[in-house]
Structure formats: C-alpha cells, structure tokens
Amino acid sequence: MKAQVNGTPRDLADGTSVAAVVSLVGAPDKGVAVALDGAVVPRALWEKTIVPDGGVVEVLTAVQGG
Amino acid sequence: MDDPLIIAGREFRSRLVTGTGGAANLSVLERALVASGTELTTVAMRRVDAAGQTGVLELLRRLGIEVLPNTAGCRTSAEAVLTAQLAREALETNWVKLEVVHDEETLLPDPVELLDAAERLVDDGFVVLPYTSDDPVLARKLEDVGCATVMPLGSPIGTGLGIRNPHNIELITSRASVPVVLDAGIGTASDAALAMELGCSAVLLATAVTRAQDPERMGAAMRCAVEGGRLARLAGRIPQRFWAQASSPGL
Numbered sequence: 000m001k002a003q004v005n006g007t008p009r010d011l012a013d014g015t016s017v018a019a020v021v022s023l024v025g026a027p028d029k030g031v032a033v034a035l036d037g038a039v040v041p042r043a044l045w046e047k048t049i050v051p052d053g054g055v056v057e058v059l060t061a062v063q064g065g
Numbered sequence: 000m001d002d003p004l005i006i007a008g009r010e011f012r013s014r015l016v017t018g019t020g021g022a023a024n025l026s027v028l029e030r031a032l033v034a035s036g037t038e039l040t041t042v043a044m045r046r047v048d049a050a051g052q053t054g055v056l057e058l059l060r061r062l063g064i065e066v067l068p069n070t071a072g073c074r075t076s077a078e079a080v081l082t083a084q085l086a087r088e089a090l091e092t093n094w095v096k097l098e099v100v101h102d103e104e105t106l107l108p109d110p111v112e113l114l115d116a117a118e119r120l121v122d123d124g125f126v127v128l129p130y131t132s133d134d135p136v137l138a139r140k141l142e143d144v145g146c147a148t149v150m151p152l153g154s155p156i157g158t159g160l161g162i163r164n165p166h167n168i169e170l171i172t173s174r175a176s177v178p179v180v181l182d183a184g185i186g187t188a189s190d191a192a193l194a195m196e197l198g199c200s201a202v203l204l205a206t207a208v209t210r211a212q213d214p215e216r217m218g219a220a221m222r223c224a225v226e227g228g229r230l231a232r233l234a235g236r237i238p239q240r241f242w243a244q245a246s247s248p249g250l
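Protein chains in written order, with numbering that gives the first Met the number 0: chain A, 0 to 65; chain B, 0 to 250.
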C-alpha cells in the first residue's frame with residue numbers, strides 16, 4: 000500500500016505500524032512526535048496504530064530555531 | 000535584589016529568552032547561551048529527515064535551560080495548533096511560542112490566524128506565548144483569550160532594526176496585566192535595554208547573538224543590557240526637559 004511519509008510517497012507493507020515508520024525515517028529515540036492524517040498519535044499508541052492506504056504521516060523532532 | 004520574571008506561575012531569574020537558530024554550530028551556541036544567562040530557549044519543530052541538526056535538546060537539558068518549542072513556519076491557525084500539539088507530545092511541555100506568519104518576505108504575524116490559534120491552544124491547556132505585531136489592540140485581545148504573555152515585535156524577525164515604534168510598545172506595556180516580552184528585531188544591546196526601559200518584562204532574541212561576530216560576547220552584552228534596562232525602569236528615569244538645568248549650585 001502507498002502512504003506519504005514526511006512529504007515523500009512510500010510503498011509500505013500492509014499492516015505497517017506508526018512505530019515502524021518512525022524507525023524507517025531514522026528518528027532519534029527521544030524528542031519525536033507523529034501526526035497521522037493531521038492528528039497527533041501519542042507515543043503509547045505507535046505500535047498499535049496501523050498506517051492506512053493513502054495515509055499521510057509526519058514525523059517531527061526539535062531542531063535549532065527561533 | 001530579588002526581581003524574578005514570572006510567567007504562568009513559573010519564576011525565572013533571567014529576563015532574557017533566547018532562540019537557538021542561526022548559530023554556526025552547537026559549540027558556539029553553547030558558549031553564547033551560557034554567557035547570556037538565559038533560562039528559557041526556543042527550538043523549532045521539523046520533519047526528521049529534513050532536520051539536519053540534532054543535539055540541541057541534549058545541549059539545553061545539559062545546561063539546565065527550559066525548552067520553549069515554537070510554531071515557526073506555520074501560516075495558518077490549523078498548522079500552528081497541530082505543530083504545538085506535536086511539540087507537546089515530543090518535548091513533554093505544554094508551553095509554546097506561538098508564531099503564525101503571513102508571508103516569507105516580512106515574516107509579520109497574521110493577526111487573524113494568530114488570535115484564532117491562541118484561543119484554540121489556550122482551550123487545549125497550553126501556556127501560550129504569542130509572537131505578535133506591535134499593535135496594542137491585538138495585544139489586548141491575545142491577553143483576553145488567555146495568553147500567558149504577549150510578545151510584540153520591535154521590527155521584523157532577523158532585521159536587527161531595533162524598536163521601530165517605541166510608543167506602541169509603551170502603550171502595550173502600560174495596559175498589559177501579563178508579562179510583555181519584546182520579541183524580534185533586536186540588533187544590539189541598546190535595543191534590548193530600551194525594551195526594558197519601555198516596560199517590557201523580558202526580551203526574546205536569537206539572531207542578534209547567534210549571528211554576531213562574537214556570539215559569546217554579544218550574549219554577555221545582552222544579559223547586561225536587559226539587567227541595566229530593567230534597573231533603569233524600576234529606578235524611574237528623570238523627565239526630559241527642553242532647557243538645560245544646572246546640576247551644580249550657583250556661585
């Protein structure tokens with residue numbers, strides 16, 4: 000199935016979890032948050048939450064700014 | 000003299016809030032932050048694969064500096080609300096520096112989107128520190144919806160043009176019942192001192208320090224400027240006069 004991860008189209012296996020996508024993009028262990036289709040997915044739900052076909056996933060972290 | 004800055008019930012000894020953007024590297028940033036004496040510092044939220052720089056959070060934690068996530072880059076209320084919620088999840092803080100800018104050329108706040116986002120975030124339990132224009136009416140409205148501070152610009156972000164409308168800043172500080180933080184436009188130490196003399200409770204700056212020729216020394220300069228300006232404000236300046244007035248007795 001297809002999903003968009005941080006703005007890039009990706010082919011993901013059916014049943015891919017948000018947690019798997021977080022590792023896929025190489026996110027650090029701490030200071031990371033995920034939105035799926037415009038809503039925050041709390042860290043405690045990353046394993047259980049499956050990315051749907053056509054899902055839009057954003058994986059964010061803190062950087063220097065402001 | 001005990002004179003803490005209090006935002007949403009939290010006390011800070013330093014009245015200088017800094018950003019982390021623009022520093023050549025983390026080592027330069029660290030020296031500048033330490034010299035500035037700041038206790039509260041902003042970070043931005045970005046996609047992991049575009050982040051490029053990491054380690055800023057570890058640096059702030061090691062220095063014992065509170066992290067203040069911002070919503071830089073957001074152009075609509077909806078974007079800013081989601082970014083704030085992501086920052087809360089990632090950084091475990093409900094504090095947010097709310098930025099909703101209208102366009103890339105001026106980076107001026109979009110007042111309509113800003114006020115909407117502020118109201119939504121306050122309703123969602125955030126401590127909201129909004130970056131706003133120097134409009135006294137908008138500042139009042141942001142306070143009315145429950146913002147913890149108002150943070151008017153002195154001039155556009157990164158310009159170093161200082162405080163272009165001191166009277167507006169004074170109008171804002173004279174009526175606000177939350178701390179007023181002069182945010183954006185500071186170029187050098189005298190700008191920061193002026194902000195405090197106009198009644199601001201704190202100054203937020205980044206570029207003026209991080210892009211100075213010697214960021215560490217400018218960090219120290221800003222610390223002194225904010226302290227000096229605050230003392231002058233509390234001391235009460237003399238009125239300005241048209242004609243000279245001798246300070247020595249007549250013969």
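What the hints contain is simulated information worked out from the structure, not anything from laboratory work.
Hints are not guaranteed to be accurate.
What the hints assert, rightly or not - Far from chain B, by Cβ distances over 10 Å, these chain A residues were calculated:
#1 Ala2
#2 Asn5
#3 Gly6
#4 Gly14
#5 Thr15
#6 Val31
#7 Glu46
#8 Lys47
#9 Ile49
#10 Asp52
#11 Gly53
#12 Gly54
#13 Glu57
#14 Gln63
As the list claims (entries may be wrong) - According to the in silico footprint, chain A covers these stretches of chain B (three or more CB under 8 Å from chain A):
#15 159-167
#16 224-237
Even for Gly, the Cβ is constructed at its ideal location relative to N, Cα and C.
Cross-check of the supplied hints:
no., hint, result
1, Ala2, "holds (15 Å)"
2, Asn5, "violated (4 Å)"
3, Gly6, "violated (7 Å)"
4, Gly14, "holds (22 Å)"
5, Thr15, "holds (17 Å)"
6, Val31, "violated (6 Å)"
7, Glu46, "holds (15 Å)"
8, Lys47, "holds (16 Å)"
9, Ile49, "holds (19 Å)"
10, Asp52, "holds (22 Å)"
11, Gly53, "holds (19 Å)"
12, Gly54, "holds (15 Å)"
13, Glu57, "violated (7 Å)"
14, Gln63, "violated (4 Å)"
15, 159-167, "violated (count 0)"
16, 224-237, "violated (count 0)"
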